[in-house]
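Start from chain A and add chain B according to the hints.
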Amino acid sequence: MLPLPVGDMDWQLTDHRGQPVGPSDWIGRPVMFFFGFTWCPDVCPTTLSDISLWLEELGPDADRLIVALVTVDPDRDTPEVLADYLGNFDPRIIGLTGSAEQVAKAAADLRVKYARVPRDDGDYTMDHTAGVFLFHPDGRFASIIDFHEDRRFAVPKIRRTLS
Amino acid sequence: MKSLFLSTALLLAAPAAFACEAFTVGDLTIEHAWSKATIGAERPAVFYVEITNGGSTDDALIGITTPTATMPVLHETVVTDGIASMPHAMSIPVPAGEIVALSPGGYHGMLMGLGTALKEGDRFHVTLIFENAGEVTVDVDVLSLRAAGPDCSDAGQ
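So the protein sequences, as listed, match chains A and B.
Residue numbering for the first sequence follows my numbering, starting at 1 and increasing by one per position.
Residue numbering for the second sequence follows my numbering, starting at 1 and increasing by one per position.
So that you can see chain A by itself, here it is in the shape it has in the complex (with noise of 0.2 Å):
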């Protein structure tokens, strides 16, 4: 199934300065988001990598890009958290984040899968869709960067949202 085109969306989050976001906001120009969560040792960090390597070849062409990282972990990772994470990344990537309910709408709308699975130890971790979606400007969904997919094909993607 996909997306929700931007402009039919009503999820409210917020950001990892502590800013409320919507729709609403993204109207008019292109994005691109992922789900994750800061705890997890591999899959987000390798995705932030990946995109911090897009965004530094895209160069200012992508300055007008939004892109957000949306956890699937709202209960650990708060504003404050999110930013102390993000940091280690290309500046122009957000975090979102807000109540369970928040996440759970915001994943309904953009049709994300996610759920929270129990450890032995008693922690916990998150599976979650991996894939990066891309909207164009006017709110229509784009497409679909799978994970890790090669820089070949991901910069392309992205590039056909920008114009």
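Keep in mind that the hints were calculated from the coordinates and are not lab data.
Mixed in with the good hints there might be a few duds.
Result set (SDA-like, lysine to any residue): computed pairs, CA atoms no more than 25 Å apart in a straight line [said to hold, decoys possible]: (1) A:Lys-157 / B:Arg-146; (2) A:Lys-105 / B:Gly-82; (3) B:Lys-119 / A:Ile-66; (4) A:Lys-113 / B:Tyr-107; (5) A:Lys-105 / B:Tyr-107; (6) A:Lys-113 / B:Asp-81.
Partner residues aside, some chain A positions facing chain B, computed with beta carbon under 8 Å [as the list claims (entries may be wrong)]: (7) Pro-20; (8) Thr-46; (9) His-128; (10) Thr-129; (11) Ala-130.
No residue lacks a Cβ here, since even glycine has one placed at the ideal position from N, Cα and C.
Frame of chain A; chain B shown alone:
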């Protein structure tokens, strides 16, 4: 475009250090052992390494231990129908004549129960336990959180 790629690669690459040292046990050569800086000591750290089996007998990595974390576990990142999960890998095959990499987006060690946060430039030991070759302890370099791996181009390899 090529020069841009090269400059980016150089920026991300860490200076050649212990990660570029090779360790051997039996027919196995272990190199490129690295980890990433962590935010605090609560979040798990990651462990990546490359294992070359130069022999004619299959082997397998069946566990890791380290003084740095109380609960080191082998994991594999698996993406099924677009959903990423991270099942526990009981054993990572190291077939005869092949190179197996624990690398971003695939097999990795997850180091839970850190005593202190890992900082870029830190070093620590990890002991790898193989089914046939036995145990070997390697030095692990902590690179930045966004590093893609150690740069060993100047290490004479």
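Verification of the hints:
1. A:Lys-157 / B:Arg-146: OK: Lys-157 of chain A and Arg-146 of chain B at ~22 Å, within 25 Å.
2. A:Lys-105 / B:Gly-82: Between Lys-105 of chain A and Gly-82 of chain B the Cα gap is close to 19 Å, so the pair holds against 25 Å.
3. B:Lys-119 / A:Ile-66: 30 Å, violated
4. A:Lys-113 / B:Tyr-107: Distance of about 23 Å is within 25 Å: holds.
5. A:Lys-105 / B:Tyr-107: 32 Å, violated
6. A:Lys-113 / B:Asp-81: Cα-Cα ~11 Å, so holds.
7. Pro-20: Result: violated, 25 Å to nearest chain B Cβ.
8. Thr-46: 4 Å, holds
9. His-128: 6 Å, holds
10. Thr-129: At 5 Å from the nearest chain B Cβ, Thr-129 of chain A passes the 8 Å test, so the hint holds.
11. Ala-130: Given a least distance of 4 Å, the restraint on Ala-130 of chain A holds.
Hint violations for this structure: numbers 3, 5 and 7, all remaining hints satisfied.
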